[in-house]
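Asks: Protein chains in written order, with the working numbering: chain S, 1 to 355; chain Y, 1 to 355.
Hints listed in this document are in silico derivations from the structure and should not be mistaken for laboratory results. Hints should not be assumed to be uniformly reliable.
As the list claims (entries may be wrong) - Which residues of chain S face chain Y? A partial, calculated answer using Cβ under 7 Å:
#1 V299
#2 G313
#3 A316
#4 V317
#5 R327
#6 R339
#7 L346
#8 L350
Claimed, not checked - Examples of chain S residues lying across from chain Y (beta carbon under 10 Å, computed):
#9 P23
#10 I175
#11 A314
#12 F318
#13 N338
#14 L347
Unchecked claim - Ranges of calculated distance between the beta carbons of each label pair, as one might list FRET restraints:
#15 D288/Y to T345/S: 16 to 22 Å
#16 Q237/Y to P39/S: 50 to 56 Å
#17 Q237/S to D322/Y: 51 to 57 Å
Since the model is a prediction, treat every value here as computed from it, not as a measurement. Note that beta-carbon positions come from the ideal geometry of N, C-alpha and C, so glycine has one too.
2 protein chains.
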Amino acid sequence: MLNLMSTVYAVVMAGGRGERFWPLSTEQRPKPFVPLIGPATLLQETVARLRSLVPVERILIALGENHRAIASRQVPEIPPANFIVEPVGRDTAACLGLSAIHLAQRDPQGIMLALPADHFIDDPEQFRQTVRKGIENLEGSTGIVFGIRPDRPETGYGYVRAEKPALPAAAWPVIRFVEKPDAAKAAEYVRSGRYFWNSGMFLWRNRTLLALFEAHMPEVSQALNELRPLLAREDAQGEVTRIFSSLPRISIDYGILEKASGLRLVPVGFHWDDIGNWASLARAVPADSSGNIAQGPAVPVESSNCILRSDDGAVAVFGVSDLVVVRARGRILVCSRNRATDLKTLLSSLPEEMK
Amino acid sequence: MLNLMSTVYAVVMAGGRGERFWPLSTEQRPKPFVPLIGPATLLQETVARLRSLVPVERILIALGENHRAIASRQVPEIPPANFIVEPVGRDTAACLGLSAIHLAQRDPQGIMLALPADHFIDDPEQFRQTVRKGIENLEGSTGIVFGIRPDRPETGYGYVRAEKPALPAAAWPVIRFVEKPDAAKAAEYVRSGRYFWNSGMFLWRNRTLLALFEAHMPEVSQALNELRPLLAREDAQGEVTRIFSSLPRISIDYGILEKASGLRLVPVGFHWDDIGNWASLARAVPADSSGNIAQGPAVPVESSNCILRSDDGAVAVFGVSDLVVVRARGRILVCSRNRATDLKTLLSSLPEEMK
Chain S
1 MLNLMSTVYA VVMAGGRGER FWPLSTEQRP KPFVPLIGPA TLLQETVARL
51 RSLVPVERIL IALGENHRAI ASRQVPEIPP ANFIVEPVGR DTAACLGLSA
101 IHLAQRDPQG IMLALPADHF IDDPEQFRQT VRKGIENLEG STGIVFGIRP
151 DRPETGYGYV RAEKPALPAA AWPVIRFVEK PDAAKAAEYV RSGRYFWNSG
201 MFLWRNRTLL ALFEAHMPEV SQALNELRPL LAREDAQGEV TRIFSSLPRI
251 SIDYGILEKA SGLRLVPVGF HWDDIGNWAS LARAVPADSS GNIAQGPAVP
301 VESSNCILRS DDGAVAVFGV SDLVVVRARG RILVCSRNRA TDLKTLLSSL
351 PEEMK
Chain Y
1 MLNLMSTVYA VVMAGGRGER FWPLSTEQRP KPFVPLIGPA TLLQETVARL
51 RSLVPVERIL IALGENHRAI ASRQVPEIPP ANFIVEPVGR DTAACLGLSA
101 IHLAQRDPQG IMLALPADHF IDDPEQFRQT VRKGIENLEG STGIVFGIRP
151 DRPETGYGYV RAEKPALPAA AWPVIRFVEK PDAAKAAEYV RSGRYFWNSG
201 MFLWRNRTLL ALFEAHMPEV SQALNELRPL LAREDAQGEV TRIFSSLPRI
251 SIDYGILEKA SGLRLVPVGF HWDDIGNWAS LARAVPADSS GNIAQGPAVP
301 VESSNCILRS DDGAVAVFGV SDLVVVRARG RILVCSRNRA TDLKTLLSSL
351 PEEMK
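Please build the complete structure, drawing on both the sequences and the hints.
Replies: In structure tokens:
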């Protein structure tokens with residue numbers, strides 16, 4: 001275990017768009033780079049959680065070129081060489097493929113801990129214990145999926161069906177991945193006790209991941225092989241971009257995990273949330289007795305179940321309920337809580353200068 | 001008529017508090033002094049409507065000391081001597097009593113046209129014609145009340161019962177004033193065709209008004225007589241304030257009009273609204289096909305029946321209905337439309353620095 005720990009590299013996936021947390025987040029500053037919960041950004045919190053588990057020399061950050069500068073400012077402790085720049089956004093399969101060939105050059109025996117940069121995790125120590133448990137259970141498996149015990153029939157997440165192990169300390173053999181289910185299916189999954197939410201956090205030996213690409217995404221694997229010799233060449237950036245752009249927009253779940261055998265699942269022991277939109281902030285931040293959450297100088301009066309956030313100045317809400325009100329970057333959003341999932345629709349209707 | 005016109009003095013009552021249009025209006029800048037409908041403030045619009053009817057030398061403005069500076073800036077054409085300063089707010093009876101003794105010194109034969117500074121009137125020419133009709137009908141009456149034909153059973157206004165005259169050009173003899181009725185009474189009044197809303201606009205000979213004070217508010221009349229010799233004395237301001245402060249907080253309607261006989265009513269030929277709160281803006285400003293009103297850079301998307309106003313920057317509302325959203329003076333109000341009448345409650349709950 002101690003030996004293995006020294007070969008673990010964290011790959012923090014800091015991609016993503018800025019729509020769901022508009023007006024706080026934007027394309028120039030997507031969700032990982034904004035302080036959603038506390039004073040630190042989600043990226044900073046993700047790196048901070050890793051610090052006593054993985055030294056900064058082995059924390060890699062995968063991101064878009066246009067976010068490299070903001071990431072350098074936010075986590076200056078990460079060596080510049082550890083930024084893995086995706087020339088364009090191509091979802092998690094391409095992101096982790098690119099990360100895998102970077103890591104292969106660095107340490108052919110490396111273990112990759114892949115983590116989204118924009119999730120909420122309440123207990124850093126529990127997080128680290130969970131990762132350690134994953135590492136302990138890596139031997140003999142294709143890879144480890146970290147799974148969340150569902151507490152509601154969420155239809156927006158992917159699920160993982162797993163088999164309860166005989167020993168409590170052991171990982172659960174993964175039976176299958178399930179794409180976002182309908183409400184009835186989701187309710188059945190929650191009742192069963194055998195289904196977990198796919199957290200998007202994974203652990204595998206880097207060479208196993210590359211083998212999985214070869215087996216299940218042979219064209220991507222070939223493109224990655226073409227990319228390998230180009231990575232260090234400053235003069236090849238155009239070619240890198242061309243090849244990377246040709247990769248399919250597919251998630252690692254859909255491209256590889258659903259097809260792979262021998263995966264195991266480690267249930268997480270912390271409170272986790274992907275905070276997919278303003279409304280889901282309510283699952284990560286405690287509300288007052290009227291169900292209101294207020295961050296910044298925002299005051300709810302005779303109002304209930306509102307999510308208020310102000311970075312710019314006074315916001316007063318009066319006699320309303322189930323609203324999201326956000327004041328940031330000089331802009332105001334007022335949105336019904338149940339439409340917070342759909343800010344893309346709003347943004348497509350706004351004049352450019354207002355976005 | 002031409003002779004009479006030259007003795008008409010307009011008294012524009014520019015008192016009032018700032019609560020109902022917070023955050024745009026404040027105690028320092030109440031409703032008459034904010035641009036609610038167009039680019040001009042309600043005070044500016046009130047004075048502009050009067051311009052071709054009464055020369056500025058005969059337009060008086062009654063206001064609080066703390067609003068004298070803002071009024072001078074907004075209507076610089078009004079001579080400084082025409083500002084009648086109320087030492088404290090004491091409602092319309094005291095305001096018009098003070099105005100009457102000012103006017104008595106200026107022109108003992110003067111006719112007073114008393115007008116609130118904060119009402120919406122859509123058609124300035126119709127307004128002037130209506131005033132002229134009042135002046136034509138003044139002879140033989142105690143005073144003229146301008147009445148609005150009600151188009152809904154409003155319970156927030158006072159009503160005036162009047163008798164239809166034989167000649168269409170004549171004024172309607174006033175039968176009685178009715179304080180804010182309940183919904184059933186209000187509906188009955190609207191159906192009857194004999195009830196009008198009290199517009200708060202009045203016309204009378206100034207000496208008649210002073211006689212009405214003597215008859216119906218003898219203590220106020222006595223106080224006014226004490227004030228008369230003090231008005232021009234700079235050294236008597238403390239005494240003026242003391243006496244004026246002792247006056248009861250009573251409206252002219254309640255203090256005098258309800259008791260007076262011989263009043264006549266002239267129905268108005270323009271669209272009028274007192275715009276009592278943000279929600280009532282909807283009666284003065286046209287809405288889009290979804291019932292939304294948007295002033296400034298405020299965009300409703302998949303929203304209906306919202307009143308949006310921004311003086312400071314971008315406001316986007318999404319998937320909501322029946323809200324008032326106002327952005328002004330660095331502050332944001334989000335309020336349900338049916339609570340817009342009650343902003344006082346909100347303000348009493350806000351921390352001082354947010355108001």
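Asks: F318/S was flagged as interface toward chain Y. Is the shortest Cβ-Cβ separation under 10 Å?
Replies: holds, 4 Å
Asks: Should the hint that Q237/Y and P39/S are 50 to 56 Å apart at their CB atoms be regarded as holding?
Replies: Holds - the Cβ-Cβ distance for Q237/Y and P39/S, about 53 Å, lies within 50 to 56 Å.
Asks: Was the hint right that I175/S lines chain Y, CB cutoff 10 Å?
Replies: violated, 39 Å
Asks: Under the criterion of a CB-CB separation shorter than 10 Å, is A314/S in contact with chain Y as hinted?
Replies: Holds - the Cβ of A314/S comes within 10 Å of chain Y, reaching about 4 Å at its closest.
Asks: At a threshold of 10 Å, is the proposed contact between P23/S and chain Y supported by beta-carbon distances?
Replies: holds, 8 Å
Asks: Checking hints one by one. Is R339/S an interface residue toward chain Y, by the C-beta closer than 7 Å rule?
Replies: Holds - the Cβ of R339/S comes within 7 Å of chain Y, reaching about 3 Å at its closest.
Asks: I want to verify a distance hint. Is the separation of the beta carbons of Q237/S and D322/Y within 51 to 57 Å?
Replies: holds, 54 Å
Asks: So, as I understand it, the hint says A316/S touches chain Y; can you test that by seeing if any CB pair is closer than 7 Å?
Replies: holds, 5 Å
Asks: Hey, does the L347/S contact hint survive, CB to chain Y under 10 Å?
Replies: holds, 9 Å
Asks: May I ask you to test the interface hint for R327/S with respect to chain Y, counting a Cβ-Cβ separation under 7 Å as satisfied?
Replies: The hint holds - R327/S has a Cβ within 7 Å of chain Y, the shortest such distance being about 6 Å.
Asks: For D288/Y and T345/S, compare the CB-CB distance with the range 16 to 22 Å and indicate the outcome.
Replies: holds, 18 Å
Asks: Using the nearest Cβ pair, does L346/S come within less than 7 Å of chain Y?
Replies: holds, 4 Å
Hint 10 from the list above is the single one not met by this structure.
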